[in-house]
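S.K.: Spelled out from the first residue to the last, the chains are:
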Amino acid sequence: MEKYTLKNGIEALIKRNKNTPRIALAMYMGINKDETKSGIYYIISQLMYQGTKTITAEQIANYLDENAIDLCIEKKADYIRVKLQCLNEDIEKALEIFDDIIENSTFEEYKKEAEKIKGEFLSDLDSAKITAQDNYYRNIFKNHSYGTGREEILNDINKITKEDIINAYNEIKTNSFKNICVIGDVEETVVKELLDKHLKNVKSVHSKDERKKIAPIENKTVSTVEKEDANQAQIFQGWLFPSIYSNEYPVIILLNTILGSSGLSSRLFLELREKQGLAYTVRSVYEPCALGGHFFVYIGTEPKNIKTSISGFDKEITKIMTEYVSDEELENAKNNAIGKRQFYQETNMSEAVLNGYYEFLGLGSSFEEELTEKIKKVTKEEIIQTAKKYYAKPAVISVLAPKKYLTDSGLIC
Amino acid sequence: MENIKKHLINYPYLERPVEIYERENGHKIVFAYKKGGLINISSWVRTGSINENDENNGISHFLEHLMFKGTSTHKAGEFDRTLESRGAIVNAATWKDYTFYYVTIPKGSSDKNFKDTLNLHADMMLDPIIPDNEIGAPFDINDPHITTKRERHVVIEEIRMRKDQPWTQVYNLLNKNLYTSHPYKRDVIGNEQIISQISRETVLEYYKTHYTPNNITTIIAGETEPSEVLPLICSEFDFKGRANAPQKVYDIDKPVNETKTIEEYSKINTGFLMFGYLGPIACDIKTSTILEMICLLLGQGQSSRLYQELIEKPQNPIFNVVSSDYYHFRDGGNIFIDANFKPEKKEDAIEQIKAQIQKLYNTGISETELKKAKKKLKAGFAENSESVSDIGENIGFYMTVCNKLEYVEEYIKVIDEITAEDIKKTAKEYMDINHAVIAVLMPEEYKK
Numbered sequence: 231m232e233k234y235t236l237k238n239g240i241e242a243l244i245k246r247n248k249n250t251p252r253i254a255l256a257m258y259m260g261i262n263k264d265e266t267k268s269g270i271y272y273i274i275s276q277l278m279y280q281g282t283k284t285i286t287a288e289q290i291a292n293y294l295d296e297n298a299i300d301l302c303i304e305k306k307a308d309y310i311r312v313k314l315q316c317l318n319e320d321i322e323k324a325l326e327i328f329d330d331i332i333e334n335s336t337f338e339e340y341k342k343e344a345e346k347i348k349g350e351f352l353s354d355l356d357s358a359k360i361t362a363q364d365n366y367y368r369n370i371f372k373n374h375s376y377g378t379g380r381e382e383i384l385n386d387i388n389k390i391t392k393e394d395i396i397n398a399y400n401e402i403k404t405n406s407f408k409n410i411c412v413i414g415d416v417e418e419t420v421v422k423e424l425l426d427k428h429l430k431n432v433k434s435v436h437s438k439d440e441r442k443k444i445a446p447i448e449n450k451t452v453s454t455v456e457k458e459d460a461n462q463a464q465i466f467q468g469w470l471f472p473s474i475y476s477n478e479y480p481v482i483i484l485l486n487t488i489l490g491s492s493g494l495s496s497r498l499f500l501e502l503r504e505k506q507g508l509a510y511t512v513r514s515v516y517e518p519c520a521l522g523g524h525f526f527v528y529i530g531t532e533p534k535n536i537k538t539s540i541s542g543f544d545k546e547i548t549k550i551m552t553e554y555v556s557d558e559e560l561e562n563a564k565n566n567a568i569g570k571r572q573f574y575q576e577t578n579m580s581e582a583v584l585n586g587y588y589e590f591l592g593l594g595s596s597f598e599e600e601l602t603e604k605i606k607k608v609t610k611e612e613i614i615q616t617a618k619k620y621y622a623k624p625a626v627i628s629v630l631a632p633k634k635y636l637t638d639s640g641l642i643c
Numbered sequence: 511m512e513n514i515k516k517h518l519i520n521y522p523y524l525e526r527p528v529e530i531y532e533r534e535n536g537h538k539i540v541f542a543y544k545k546g547g548l549i550n551i552s553s554w555v556r557t558g559s560i561n562e563n564d565e566n567n568g569i570s571h572f573l574e575h576l577m578f579k580g581t582s583t584h585k586a587g588e589f590d591r592t593l594e595s596r597g598a599i600v601n602a603a604t605w606k607d608y609t610f611y612y613v614t615i616p617k618g619s620s621d622k623n624f625k626d627t628l629n630l631h632a633d634m635m636l637d638p639i640i641p642d643n644e645i646g647a648p649f650d651i652n653d654p655h656i657t658t659k660r661e662r663h664v665v666i667e668e669i670r671m672r673k674d675q676p677w678t679q680v681y682n683l684l685n686k687n688l689y690t691s692h693p694y695k696r697d698v699i700g701n702e703q704i705i706s707q708i709s710r711e712t713v714l715e716y717y718k719t720h721y722t723p724n725n726i727t728t729i730i731a732g733e734t735e736p737s738e739v740l741p742l743i744c745s746e747f748d749f750k751g752r753a754n755a756p757q758k759v760y761d762i763d764k765p766v767n768e769t770k771t772i773e774e775y776s777k778i779n780t781g782f783l784m785f786g787y788l789g790p791i792a793c794d795i796k797t798s799t800i801l802e803m804i805c806l807l808l809g810q811g812q813s814s815r816l817y818q819e820l821i822e823k824p825q826n827p828i829f830n831v832v833s834s835d836y837y838h839f840r841d842g843g844n845i846f847i848d849a850n851f852k853p854e855k856k857e858d859a860i861e862q863i864k865a866q867i868q869k870l871y872n873t874g875i876s877e878t879e880l881k882k883a884k885k886k887l888k889a890g891f892a893e894n895s896e897s898v899s900d901i902g903e904n905i906g907f908y909m910t911v912c913n914k915l916e917y918v919e920e921y922i923k924v925i926d927e928i929t930a931e932d933i934k935k936t937a938k939e940y941m942d943i944n945h946a947v948i949a950v951l952m953p954e955e956y957k958k
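Residue numbers (the working numbering), protein chains in the order written: chain Y, 231 to 643; chain L, 511 to 958.
Just so you know, these hints were derived from the structure itself, not from any lab.
Mixed in with the good hints there might be a few duds.
[As the list claims (entries may be wrong)] Covered stretches of chain L, as calculated for chain Y (at least 3 residues, CB under 8 Å):
| # | stretch |
| --- | --- |
| 1 | 554–564 |
| 2 | 590–603 |
| 3 | 668–681 |
| 4 | 790–798 |
| 5 | 826–835 |
For every residue, glycine included, the Cβ atom is placed at its ideal position computed from N, Cα and C.
Take these sequences, add in the hints, and give me the full structure.
M.R.: Spelled out as structure tokens, the structure:
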């Protein structure tokens, strides 16, 4: 992977992967300020498909599809990420439209887009799991942008003005950090020239992150959602955890592997699914963001199992806080976690996304290799210390189920 | 040394031709070369809900779960633990025409990971013991006092999970009304009553009937040399003279005589609907590809007709989501149009979709649309060659559902030969608005 500084000052990681038919580009555009109304950054990401000074939304859509260019613009916790993918021979066509969208989006169609978003979110909220998950995020990141879910956006979206959108976008465009990673079967220097030619006006600035800090969870929080026809209870239980910058990051990767991220052999899977038959899906997730992270366990289970499932979570969490993992389990977890990292870089796009992300966070291009070495060195003492440090803090529990089962399990009176 | 037939297939976007070996017993082994650190080993079995009836519906999928419950030489859990502790992704899937099992694992610096994976995978495929204590005793689904829960309960939880998914609900409603007699009408996962009661003996008998050499294709996608590993695969896949299964033939259903609309209700806020039509058999590659193109033009991507006409252009769109897709099945594919809409506008929503379908076969498509569809289908094939698991899945599909991989060689040529007139004619033949099945899931308050 070669690192180039483009003429516009943006740093670009470029790599040639021979014999791959499609080239992938990932660009990160930092978010430094809190939204004044929920959903501003999300609607920006959607409006970037909706027309520029010279072409309409329909023309953009036709251009992309006629050239088989995949454009995906996503609003994430810390950035807006633009992913662009096309056949190698169409890279210039892809960059042309990419530049036009970044430079010249008009955001004229914001009212119509708001209506579309409302419709999509109402449809999403017909899913019990999405509803419970949004409720979990709302509570684990209380009053913080990381906790903004569909309901918050539905409440605010009609209050968002065109001025709000343009101001927020201009802030991102002129006053935030940006970086690019491009991977495909095209000569690196050719890619650099094309980026210089087509992205000459995009600027990157290392500016201060003015977003609000994440507030600690002072007390255990149980938040319920009643859904009378739910066939399964949806249970999320989580804790605030550190960000990717923490020295504990490699330890937490292993905690997650041991508990529930690793497929068919994790503790939660074996105990709650294989031994107790409580669920089809049970797992743990660690999401590290720039301002902080969280770690949650999830199960979808017959509503009468709510109490048993939460007890099952407690038992496994207590066990990992109080008993050393065996040498064999730790070794297996390390090999598992390190081996899985190859999957994150299998395709040109996954490689561009991962390396672009590390660069965006300022972790450096050798972060992946360093992380692997750090994972190898994690001890069972560090596992127990880290588990105690974070799981002992108050948890947030979000449960969706019919009222009767929420009552029977003592979650509501 | 057994007599093994070999042939080569030029697979678009791969560096080397794919090598296919057919053994005397009918077991097929396929190698797809792709440079990189990951290797995908999978075995595809030619059975799924196509071979089920009202008494055993869901057995293919239940067996898929039970295949992970140990063999004579490896206890339940050993397979997963051994492979996942080396960074592997291990899983399986069941569909109407097939069931497949796969491991994707880092190759490592020696051939140990490959050899061990192959050994464990072949053992799982050939010697599942399905212990009583793993499957669990049959039980009364209405008995609330069951305390010992085993794999039956895991599958029942999967059924419950799907019942809470509106798109799955509307798909199931559509699927069972698309067919009259063909086994495709059943939901692949089955139902709680059958899964709670089905015996271990019935499951084992089903395994013996269908997991036969001529029904299995083993695929290796990654950086391997076939000449070096073929003997090992043959020796690991020792079927010990297992008899082959006769291939069952089913009557193919005809489209409905007149458009049929079925409606169900749920505690939801928006309306979900699916239009469905029966398509040609999977081996009719040309017509299947034309229908893929039709679905792509109708409802895939923001430039598609349905998206532009029903969501982008109207000032007050009644649709939240609209898309179209084509599913390939051995005995006839399915054409789908899916939509989520404002429930108070149900009749309007149905009429607007019908109008778009009618427009397609009355006025046809432009040359620009044709060109776009061709380019996107080809790029889609390129996309499917980017990971070893996608390559394995694509090959598994053709080998299992179409019986041969040669169709892959023809695919690009078939795409190039399709004309705008083919699109119009095929849409008229397969998507007549007077012979559609329409499934609708509405919020409960709309129940009359």
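S.K.: Going through the earlier hints one by one, which of them does the structure break, listed in rising order?
M.R.: 1, 4
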